[in-house]
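Chains as they are written, first to last, in the numbering used here: chain A, 80 to 343; chain B, 301 to 568.
Keep in mind that a hint or two might mislead.
[Said to hold, decoys possible] So, partial list: chain A residues that the calculated Cβ filter (under 7 angstroms) puts toward chain B: (1) 194; (2) 195; (3) 197; (4) 208; (5) 239; (6) 240; (7) 247; (8) 254; (9) 265; (10) 292.
[As the list claims (entries may be wrong)] Taking beta-carbon pairs under 7 angstroms as the criterion, some of the chain B residues facing chain A (in silico): (11) 324; (12) 330; (13) 374; (14) 384; (15) 388; (16) 415; (17) 440; (18) 441; (19) 453; (20) 553.
Because the hints were derived from the structure by calculation, they are not lab data.
Even glycine gets a Cβ: it sits at the ideal position worked out from N, Cα and C.
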Amino acid sequence: MTERTKDGELPDDGGKVATATLERGPGPVSMTNRGQRIMLWTAPPAGALFIIGFFLFPLFSPPLSPTLSPEQVAAIFSENVTGILGVVILCNLIAASLVPLFAVIAVQISRTATSSSVFTYAYIICVGVGTTAFILADYCWGVAAFRPDRDPQLISLLNDMAWFFFIAPVGTIAVQNFCLALSIYLDERPDPIFPRWVAHFNVAAALLLIPSAFSILYKTGPLAWDGAVSFTLRNAVLVIWAVVMFFVLLGVVNRQGDERESLA
Amino acid sequence: MSDTVVTAPEFPAESAPPRPRNRKRDQWIAFWLVPIFFNLFGVVFVPLSWMMPPRPPNNPTPAIVEFMQSHNLLIACAVLTVCFGLASVGNAVYLIQIKRMSVSPVFRYSVMMGAMTGTIVGMLFPMFCFGLGAFRSGYEPSTLSMLYDFGYLAFIGSLGCFCVMWMSFGLAIILDKNNVLPKWLGYYTVWQYVTELMAAPVWISKSGPFAWNGLMTFWFAMVLYVSWQIIVYVCIYRAIKNQPDDTLETAWLHAEVAPSDPRPKADA
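Taking the hints into account, I'd like the entire structure generated from these sequences.
Structure (structure tokens):
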């Protein structure tokens, strides 16, 4: 991509930005930075709970094969009612607990100097949609385990639906990452909010996640929902992405200082 | 990157020095993603899966089973799963115009919330209902019929989230004093709310003009919707094009004197 500012204008614009920043930051609003840091630090415990839930979930170790017959699926559910319901309840409670991390990203996207808030809004809508998809997956597994003596056809249907909602809807995460990346690439500030590698990193993460959308086309192989790409790679990418972004955001929020963010 | 419209000559802003580069690139990228998304949407629904125009609600069971198990339906669902996030970008394009209006944030927040729920109930959920039937061939016809009904009813019969979006968007345009979008578009958009009401009987009728494939609820509503949608995007295109540089959110970077509060004032 191209540099935002022409070389000759850099010192000039830089001076103006400094003035603007000073004038935009009156005293009482320095709380915004503290608030963001508090919200950001809720992410590590949330992430830890997600990882605990992941390893305790009976259907993930190993991930349930899509080739199982409805009777086999129903048998697995009735053998693991406690484990499934325990994790379902935990995930019901923590389902939205990474939202603060996304919200801090949205705030920082709105601080990048682009001509509108379009990527901030798209990001926020995607977070709402993606979180709901995760909750629906959780509920489908929960409803299946709630009455495991239900018709195996229905247990299998609920299980299929849960895996669909859990693995496939990466479209929103991809758009989120592209929104963040574009904001970074287009940031006109002489002193950009995010380092540029964060944009490349988010594009790479999005590209690695997209293949799992095709998990609904396969029952075996790497793209199936229990496969190397759709399950292992996808979840690993999400964990690495969250950890890296947490540390990136710590730096970004600390550098923000007293500068106020505008209302999106 | 540079193929988007050059806006500077039309509105020479006094305060900003002329810039060779397009300063609205973020808006143009988001804007042009919308026709791409709608075209994909059209290709997936019509020639690929023949999900649209809708199959009749009173289809005989064997026909439902054949349709629900067709592989193209599954491919259509996979393609939509990849790109359904672009719907958020399309909605964000409305939101940035509402933000420029002299109205309270309540309007854009309402549109935003309607957009979130609408994407889930009107797109993601029905899409997976169709996908599930095709994913596993062993489901009983009764299960497939239920998924078929759930899919079409949620696709065509999800109303409330769109009602709140059209209402808030329309009201914002009408109350706006910055003339971001033309006033007639506001009345047109509020009227679009009424066409959503027309689709309500799909939950009752199984055949005739008010069924989900009926003349009134599908064809007439679709003609009204598509033409409205195109007109809205043409108006938004002009709004982005005509937005003066000194009202861009980056104006403080380029202005001689930085504004004390860059946020727009709301009086409605």
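Hints, one by one, checked against the model:
no.: 1; hint: 194; result: holds, 4 angstroms
no.: 2; hint: 195; result: holds, 4 angstroms
no.: 3; hint: 197; result: holds, 4 angstroms
no.: 4; hint: 208; result: holds, 5 angstroms
no.: 5; hint: 239; result: holds, 5 angstroms
no.: 6; hint: 240; result: holds, 6 angstroms
no.: 7; hint: 247; result: holds, 5 angstroms
no.: 8; hint: 254; result: holds, 3 angstroms
no.: 9; hint: 265; result: holds, 5 angstroms
no.: 10; hint: 292; result: holds, 4 angstroms
no.: 11; hint: 324; result: holds, 5 angstroms
no.: 12; hint: 330; result: holds, 4 angstroms
no.: 13; hint: 374; result: holds, 6 angstroms
no.: 14; hint: 384; result: holds, 5 angstroms
no.: 15; hint: 388; result: holds, 4 angstroms
no.: 16; hint: 415; result: holds, 5 angstroms
no.: 17; hint: 440; result: holds, 6 angstroms
no.: 18; hint: 441; result: violated, 11 angstroms
no.: 19; hint: 453; result: violated, 17 angstroms
no.: 20; hint: 553; result: holds, 5 angstroms
Figure legend: structure checked against the earlier numbered hints; hints not met, in rising order: 18, 19.
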